[in-house]
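Chains H and R are the protein sequences, given in the same order. The numbering of the first sequence is this note's numbering, which starts it at 1 and goes up by one. The numbering of the second sequence is this note's numbering, which starts it at 1 and goes up by one.
If you are wondering where the hints come from, they were derived from the structure by calculation, not from laboratory data. A few of these clues could be false.
[Said to hold, decoys possible] No farther apart than 27 Å at their CA atoms in a straight line, the calculated lysine-lysine pairs in the DSS-like style are these:
1. H:LYS45 / R:LYS382
2. H:LYS106 / R:LYS382
3. R:LYS382 / H:LYS80
4. H:LYS4 / R:LYS414
5. H:LYS60 / R:LYS382
Computed from a predicted structure; not experimentally measured.
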Amino acid sequence: MTRKQRRLVLIGTSVGVLAIAAALILSALRDSIVFFNSPTDIAEKHMAIGSRMRVGGLVKPGTVARSDNLLSRFVVTDGKTDIQVRYQGILPDLFREGQGVVVEGKLESSVLVADTVLAKHDERYMPREVVDALKKSGRWQEGEAQGTGGKPR
Amino acid sequence: MIPELGHYALVLALALGLVQSIVPVVGARSRDASLMRIANSTAVMQFVFVAVSFSALTSCYVSSDFSVATVYENSHSMMPLIYKFTSVWGNHEGSMLLWVLILAIFGALVAAFGRNLPVTLKAHVLAVQSWIASAFYLFILLTSNPFLRLAQAPFEGRDLNPILQDPGLAIHPPLLYLGYVGFSIAFSFAVAALIEGRIDAAWARWVRPWTLLAWMFLTLGIAMGSYWAYYTLGWGGFWFWDPVENASLMPWLAGTALLHSAVVMEKRNALKVWTILLAILTFSLSLIGTFLVRSGVLTSVHAFASDPTRGVFILAILVIFIGGSLTLFAWRAPMLKQGGLFAPISREGALVLNNLFLTTACLTVFVGTLYPLALEALTGQKISVGAPFFNLTFGPLFVALMFAIPFGPLLAWKRGDLLGVAQRLMSAAAIGIATTAVIFAVESGNMVLAPFGVGLTVYVMFGAMLELAERVGLFRLPLAIVWTRARGLPRSAWGTAIAHIGIALSMLGIICAATWGTEHIVAMKPAQTVSLSGYDLTFDGVTQRPGPNYTSVVAEFAVRKGGKLVGSMEPSKRSFSSRGMTTNEAALFVRGFDQLYLSLGDVNGDGSIAIRLYYKPMVLLIWIGAVVMMLGGALSLSDRRLRVGAPKPAVKSALQPAG
Numbered sequence: 001m002t003r004k005q006r007r008l009v010l011i012g013t014s015v016g017v018l019a020i021a022a023a024l025i026l027s028a029l030r031d032s033i034v035f036f037n038s039p040t041d042i043a044e045k046h047m048a049i050g051s052r053m054r055v056g057g058l059v060k061p062g063t064v065a066r067s068d069n070l071l072s073r074f075v076v077t078d079g080k081t082d083i084q085v086r087y088q089g090i091l092p093d094l095f096r097e098g099q100g101v102v103v104e105g106k107l108e109s110s111v112l113v114a115d116t117v118l119a120k121h122d123e124r125y126m127p128r129e130v131v132d133a134l135k136k137s138g139r140w141q142e143g144e145a146q147g148t149g150g151k152p153r
Numbered sequence: 001m002i003p004e005l006g007h008y009a010l011v012l013a014l015a016l017g018l019v020q021s022i023v024p025v026v027g028a029r030s031r032d033a034s035l036m037r038i039a040n041s042t043a044v045m046q047f048v049f050v051a052v053s054f055s056a057l058t059s060c061y062v063s064s065d066f067s068v069a070t071v072y073e074n075s076h077s078m079m080p081l082i083y084k085f086t087s088v089w090g091n092h093e094g095s096m097l098l099w100v101l102i103l104a105i106f107g108a109l110v111a112a113f114g115r116n117l118p119v120t121l122k123a124h125v126l127a128v129q130s131w132i133a134s135a136f137y138l139f140i141l142l143t144s145n146p147f148l149r150l151a152q153a154p155f156e157g158r159d160l161n162p163i164l165q166d167p168g169l170a171i172h173p174p175l176l177y178l179g180y181v182g183f184s185i186a187f188s189f190a191v192a193a194l195i196e197g198r199i200d201a202a203w204a205r206w207v208r209p210w211t212l213l214a215w216m217f218l219t220l221g222i223a224m225g226s227y228w229a230y231y232t233l234g235w236g237g238f239w240f241w242d243p244v245e246n247a248s249l250m251p252w253l254a255g256t257a258l259l260h261s262a263v264v265m266e267k268r269n270a271l272k273v274w275t276i277l278l279a280i281l282t283f284s285l286s287l288i289g290t291f292l293v294r295s296g297v298l299t300s301v302h303a304f305a306s307d308p309t310r311g312v313f314i315l316a317i318l319v320i321f322i323g324g325s326l327t328l329f330a331w332r333a334p335m336l337k338q339g340g341l342f343a344p345i346s347r348e349g350a351l352v353l354n355n356l357f358l359t360t361a362c363l364t365v366f367v368g369t370l371y372p373l374a375l376e377a378l379t380g381q382k383i384s385v386g387a388p389f390f391n392l393t394f395g396p397l398f399v400a401l402m403f404a405i406p407f408g409p410l411l412a413w414k415r416g417d418l419l420g421v422a423q424r425l426m427s428a429a430a431i432g433i434a435t436t437a438v439i440f441a442v443e444s445g446n447m448v449l450a451p452f453g454v455g456l457t458v459y460v461m462f463g464a465m466l467e468l469a470e471r472v473g474l475f476r477l478p479l480a481i482v483w484t485r486a487r488g489l490p491r492s493a494w495g496t497a498i499a500h501i502g503i504a505l506s507m508l509g510i511i512c513a514a515t516w517g518t519e520h521i522v523a524m525k526p527a528q529t530v531s532l533s534g535y536d537l538t539f540d541g542v543t544q545r546p547g548p549n550y551t552s553v554v555a556e557f558a559v560r561k562g563g564k565l566v567g568s569m570e571p572s573k574r575s576f577s578s579r580g581m582t583t584n585e586a587a588l589f590v591r592g593f594d595q596l597y598l599s600l601g602d603v604n605g606d607g608s609i610a611i612r613l614y615y616k617p618m619v620l621l622i623w624i625g626a627v628v629m630m631l632g633g634a635l636s637l638s639d640r641r642l643r644v645g646a647p648k649p650a651v652k653s654a655l656q657p658a659g
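Based on the sequences and whatever the hints tell you, model everything.
Below you can see the structure in the form of C-alpha cells.
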C-alpha cells in the first residue's frame with residue numbers, strides 16, 4: 001500500500017465512524033430529549049396529549065394529597081397557571097408545599113403523570129428552571145432563592 | 001492573623017507564578033541556562049506558598065473561625081473533625097484553592113523529577129504550567145477569595161451542606177482534581193513542544209507516565225463520585241448522565257485515548273500531531289469541566305454558588321487557554337516532522353481505531369452535555385438530555401470499542417495479520433458466545449441485549465488473558481518456564497491486560513445490575529415482611545437516634561434468607577437543624593458482589609414508612625472494575641521503562657528498537 005492509500009483508509013474510517021456518530025446523535029436528539037415548560041406554556045401552547053415534558057414551578061400549598069399506595073397528587077404553579085400532577089412513588093426529601101419542584105412525565109388530558117420528581121439539593125437554592133418559570137410569569141423577586149444568605153439567622 | 005497569612009501566601013504564589021511565566025521563556029530565547037533554571041526553584045516555592053495558604057484555610061476550618069466568610073457559610077462547630085477538614089473543599093472558594101494546590105504539586109514534581117529533561121523543554125513546560133497557575137491564582141484572588149473576613153464574627157456557622165457530610169466526599173474531589181489537573185502536565189508538554197517546534201519519542205516517554213498518573217486518579221475519582229452518588233442520593237442509580245458527571249467523563253475518555261496514542265508515538269514515533277492535539281484537548285476538557293461545574297451554569301450539588309463574575313472569569317481563562325493552544329497548534333503543528341509508517345492493519349492501526357472510537361464517544365457526550373446550554377442561549381428553549389440520549393449514542397460506540405479491545409495487544413506493530421489474530425481470539429470469542437447462548441437459554445429467549453452484553457465482556461476478559469497466556473506460553477511450556485517468562489514480561493503488558501479486564505468487569509456490573517436487578521417501592525407497617533429476589537425483609541419499626549449535629553430516624557430491618565437470619569439493615573434519614581434539611585442514608589447489605597439496597601422514604605406518624613428496596617446483582621463490579629483499571633495503570637506506571645526520572649541508559653536502550 002502506498003502512503004496515499006494508507007491515508008485514504010485512515011480518513012475513510014474516521015469519516016465513517018464520525019458519520020455513524022452523527023447519525024446516532026441526530027436520531028437520539030429527535031427521539032429522546034425532553035422539553036422544559038412552565039405551566040403557562042402548557043396552557044398556551046396546547047401540548048399534544050401523551051407528549052413527554054418537564055415542568056417546573058412551585059408546589060401549590062394545600063394541594064398535596066397522598067394515599068396509602070404511595071400515590072400522590074399535587075398542583076404545580078408558576079403563580080399564573082396551575083397544572084395537576086399525579087405521581088406514583090416516593091417524593092424526594094426536600095419536596096414541600098410552597099417549594100420549587102421540577103417534574104418529568106407524560107401529559108394525559110389535563111394531568112401530568114410524572115415518573116420523576118426533582119426537588120432542590122439544598123434549601124438555599126431553587127432549581128434554575130423554576131426560577132425562570134417564575135420570572136416569566138412575573139412572580140419572582142430577586143434575591144428570593146438566596147434567602148438570608150450572608151446574614152446570621 | 002492566620003487567614004491574612006494564607007491570603008498573603010497566595011499573593012506571593014501569584015508573584016512567583018508571574019516570574020515563572022516569563023523568565024524561563026526569556027531564558028530559553030537567549031539560551032541562558034541560569035534564567036531557565038529559575039523555574040525549578042519558583043515551581044517548588046509556588047508549591048510551598050500554596051501549601052501554606054491551604055493549611056491556613058484548613059486551620060480556620062478546624063478551629064471554626066467564623067470570622068472567615070467561607071468558614072461561616074460552610075462549617076459548624078458541632079461538626080465531626082473529619083468534616084471540618086473536608087468542608088475546606090466542600091465549597092467553591094476552598095475547592096478552587098485545592099485545584100491550585102494540586103496544580104502546584106504537579107509543577108513542583110516536574111521541577112524536581114525532570115532532571116533528565118532537555119533544559120529548554122523543561123523551561124517551557126514549567127512556564128506553561130505557570131501560565132495556568134497564575135490565571136487560577138488571579139481567579140481566586142479577584143473573584144473567590146476564601147479568606148474574606150466578616151465584619152462581625154457570628155457565633156455559629158451555617159453548616160456544610162448535609163449531602164456533602166459523608167466520608168465519600170472526603171476523597172472524591174481531591175482524587176478527581178488530581179486527575180483533572182494532572183492532565184495539565186500533558187498540556188504543558190504539548191504546548192512546550194509546539195513552541196519549540198520539535199517533538200520526538202522521548203517527549204512521549206515523558207508525557208506518558210504523567211498522563212497515566214492523572215488517568216489513574218481520574219478513574220478512581222469518577223468511580224468514587226459514582227459510588228457516593230449511589231449511596232447518598234438514595235435513588236439506587238450510579239450514573240445519571242448529569243452534566244457534572246459528564247464533565248468528568250469527557251476528560252477521562254480523551255485521556256484514555258491520549259494514553260494509547262502516546263504508546264504509538266513512543267514506540268513507533270508516529271501519530272505525533274494527533275497526540276499533541278489530544279493532549280491539548282484532554283486538558284481543555286478538564287477546563288471545560290471546571291467551567292461547567294464552577295460557573296453555576298448548571299444546577300447541581302456541585303454548583304455551590306452562582307456568581308456571574310466568576311463564570312465570566314473562568315470562561316475567559318477557558319477561551320484564552322483553549323483558543324490560544326489550538327491557534328498555536330494550527331500554526332506550528334504542520335512544522336512537526338512526519339513519523340513512522342504503518343499499515344492500517346497493525347497495532348498502530350488498532351490504536352488509531354481505539355482513539356477514533358474514544359474521541360467520537362467523547363464527542364457524543366460533549367454534544368449531549370452542551371447542546372441544551374447552546375440551545376437555551378440561542379433560542380431560549382429549555383430541554384433536558386438524559387440517559388436515553390446517551391444510551392443511544394455513547395452505547396453503540398462503546399460496544400464497538402469493546403469488540404476491538406482484544407485485537408490491539410495481539411496485533412504486531414507496523415504490519416499485522418488480522419486473520420491470524422482473529423483465529424487466535426477464537427477461543428475467547430467461543431467462550432463469549434457460549435456465555436451468551438447459556439444466558440439466552442436460561443432466560444428462555446426473553447432478552448437479547450443483556451446476554452449479548454455479558455458475552456461481550458466475557459470475550460474481552462478472556463481476550464486480555466489470552467494475550468498474556470500466549471506470551472508466557474501457558475499450557476505449552478512447563479510451569480517453571482511459564483513462571484520465569486511471566487516474571488520477565490514487562491509490567492506494562494500486565495498493566496494493559498489488567499486494565500482491559502477492569503473495563504470489562506465494570507461493564508459486566510452495569511449490565512447485570514440493570515438487567516437482573518429488582519426494585520420495589522412500597523409502604524410498610526411494622527412487622528410486615530417483603531420478599532425481594534430470595535431475601536425476606538422484615539420491617540421491625542422506627543427509632544430516633546441523635547447524631548453529633550443531626551438527629552436520625554432509623555428504620556430497622558431484619559434480613560432473612562430461607563428463614564435464616566442473615567443480617568440487619570438500617571436505612572435512615574438525618575435531619576440537620578442548622579440548615580433545616582434532611583439527607584437520606586441508604587442501607588447496603590453486601591453478599592459477594594451483590595447488594596441489597598434500602599432507601600427510606602416518608603415516615604408517617606403511625607410508624608408506617610414508605611421505602612425503596614432494590615436487589616442489585618453484581619453491582620459492586622462496577623466500582624471494582626474501576627479499581628482494577630486503576631491497578632492496571634499503576635502496574636504499567638511501575639514499569640522500569642516508564643518510571644519517572646528513570647536513569648538515562650535505560651531510556652536510551654529502550655529507545656533503540658523504536659528508532
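Now for the hints, and whether the structure bears them out:
1. H:LYS45 / R:LYS382: holds, 15 Å
2. H:LYS106 / R:LYS382: holds, 17 Å
3. R:LYS382 / H:LYS80: holds, 20 Å
4. H:LYS4 / R:LYS414: Holds - the C-alpha atoms of LYS414 of chain R and LYS4 of chain H are around 16 Å apart, at most 27 Å.
5. H:LYS60 / R:LYS382: holds, 23 Å
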